[in-house]
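Undergrad: Below, each chain spelled out in residue letters.
There are 2 protein chains.
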Amino acid sequence: MHLSRRDFAKLSALGLAAQLAPQLNSSLGAQTMPASPDSGKVGYCLIGLGRISTLFAGGIQGTTNSRVTALVSGHPEKAAQWAEKYGVPRESIYNYENMDAIRDNKAVQAVYIGLPNSMHAEYTIRSAKAGKHVLCEKPMASTVPEAESMIAACDKAGVKLMIAYRCHYETTNLRAVQLIRNGALGKVQSIQSAFGFSCDPSDWRLKKALAGGGPLFDVGIYCLNACRYLTGEEPEHIAAYSSTDAGDPRFREVEENVAWVMRFPSGVVATCNTTYGSNMDGYFRVYGTKGWLEVNPAFSYDGLRLTAAYRQDDGKYIQLDEPNAEKIPYHFKLEANHFSQCVLENKTPKTTGEEGIRDMRYIREIYRSAGVKNGISEA
Amino acid sequence: MHLSRRDFAKLSALGLAAQLAPQLNSSLGAQTMPASPDSGKVGYCLIGLGRISTLFAGGIQGTTNSRVTALVSGHPEKAAQWAEKYGVPRESIYNYENMDAIRDNKAVQAVYIGLPNSMHAEYTIRSAKAGKHVLCEKPMASTVPEAESMIAACDKAGVKLMIAYRCHYETTNLRAVQLIRNGALGKVQSIQSAFGFSCDPSDWRLKKALAGGGPLFDVGIYCLNACRYLTGEEPEHIAAYSSTDAGDPRFREVEENVAWVMRFPSGVVATCNTTYGSNMDGYFRVYGTKGWLEVNPAFSYDGLRLTAAYRQDDGKYIQLDEPNAEKIPYHFKLEANHFSQCVLENKTPKTTGEEGIRDMRYIREIYRSAGVKNGISEA
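Residue numbers (my numbering), protein chains in the order written: chain W, 13 to 391; chain A, 13 to 391.
Hints should not be assumed to be uniformly reliable.
Copies of one chain are not kept apart here, so a pair can be met inside one copy or by any two copies together.
Derived EDC-like pairs: lysine to aspartate or glutamate, alpha-carbon spacing no greater than 16 Å straight-line [said to hold, decoys possible]:
#1 LYS359 <-> ASP112
#2 LYS219 <-> GLU103
#3 LYS199 <-> ASP257
#4 LYS328 <-> GLU306
#5 LYS141 <-> ASP167
In case anyone wonders, no lab produced these hints; they're calculated from the structure.
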């Protein structure tokens, strides 16, 4: 068996490289195919080099199945710095005009889209057309139709689409879900969750054209999504109110506060709060017939902590206090690891585009209920 | 000046006794009017001798302006024990049939109604007709029309009506209100509050005919009322959901869970939760442009704790952690003290019947919104 580097990259994308790696390396021999530590790793092209991409790149470096192989940026100098840091060859630096050429870059199996929300759809679709798997930040898009077009494009291209809901991969959040699924809390009855922050006046999040919506879009989505993964259910009723300080120049384009209540089919009722007007702890608290659990903070990049108290069927009273000692960017490591596994083993990601579009629809419903006209385009 | 005991009691009810006490005692002389430590104290008839009345009686004992002077109970033996404990003469023990005779008991200026909710209206009205001031437990009544009839009866009789919203008198709750009013948090934007407990199957609270409603009526009202005293505003929009485990025999007559969201005129949005299905910390958390404060627990009889963090206009970052060392039943002491002051000084109580009926109307709105048919009679 003789394989070129290009052949190997193809196998890698097909998820066979990891499986075949030992025999490939042996048959290729040290000269034609050096036993590189990158063998079998999914190569990512990072699209957008902002803060979130820094975290994701750091996450990738913690994995054994992922690596940064290309960059897309509008700032050549910044891209050059990144290229040096991550060992990306000069020819694998793209800009927003020519990024479609990643199609021909065999070191790229997937893209990570860390752009402002309104750009998610365009770059997901262009990446899919280039034949690359797509890991796209949340919220998935600015509108539901955009999200639909992203799913359609990835389906048509036969590439995977994962929305970067990092809490689905993060250990403390998973521990909360596990406790609930194992029945520790008995029948779950209610959830309280909030997440917000005081937004800097210069933040792109305050620009409707870039952000798509306000705090509900950016951080409230964590509460919404948490209620869904904690219950394993979809909300069947949503009611919401919103308010915006008309005197605060930050909020000319997006809303300031949103509070909403949801009812799930099993009877779980949930209340959520989000804001760009004050620093609001990101947390959730779940109550059931046997006890409660809280994760606070729940959505931060590290320092998460689970506390719980519940009575077991044998009468024993359990109290948990589980701080998570993992450090930033471990969320991103776990997330990257999952998507790369899906790529390598041809599996469906846990948080697909369908998961993302559900939140988009609920967000639309929250904005509708609250009468927020600039919350999300109805189109 | 010569005054009989009856004259003195009249003065006491008019709020003049305290003021005149020294000269009265001197003019009456030791023989006709002994200088009793009870001079000038408001005499209370306790109606219903359950747990809450025990707490209130303990509260009275901590005051210098209140005393227990009569009892109404359906259990003669229990009443006799209470009479001995509080120094109530045998002739001042009444039952539910003959309690109207308190009219002629000059040692009684006020009643405290610690009965199940559905009995509040009847005993408030009978007490008013007997010419006694009324301190009635919350929730004020089972229905809005009942509450209206209570206010009308007290107005007609020219007696004061106070609803026993103890948190309006409790120091940590007042401290939270003070911080907010003083602008420590800046512009308040949102509130989260919850209160619930796992209700014992034998509790009268589960009987619609006695309780009038479920957890919203009994404990959710604390969250509702807190949102009102924290903002100093009335909610202009309310939306709610409720759920009840049909398989739980406790919830045949009242609801199990209620979650609701409110919007206040200034733009404050609030989310609240209540339940009889699990033990849910009673707390509130308030967010503003300059910081946040939390009282947790907020509604317990003691052990309250305020924490807060906010940035002052001079840039200084303030962090507060203020546990309340006062012990049960200090809430009731402060509450009794306030009502007695109002009686003695002919002032209007802070928490009038109008305050109580507002909550009744909002509760009705929450039940309507949530579609809880047995929540509160619409009549």
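Undergrad: State for each hint whether it applies.
TA: So, going through the hints one by one against the coordinates:
no.: 1; hint: LYS359 <-> ASP112; result: neither (25 Å within a copy, 78 Å between copies)
no.: 2; hint: LYS219 <-> GLU103; result: neither (33 Å within a copy, 76 Å between copies)
no.: 3; hint: LYS199 <-> ASP257; result: between (39 Å within a copy, 9 Å between copies)
no.: 4; hint: LYS328 <-> GLU306; result: neither (19 Å within a copy, 31 Å between copies)
no.: 5; hint: LYS141 <-> ASP167; result: within (10 Å within a copy, 77 Å between copies)
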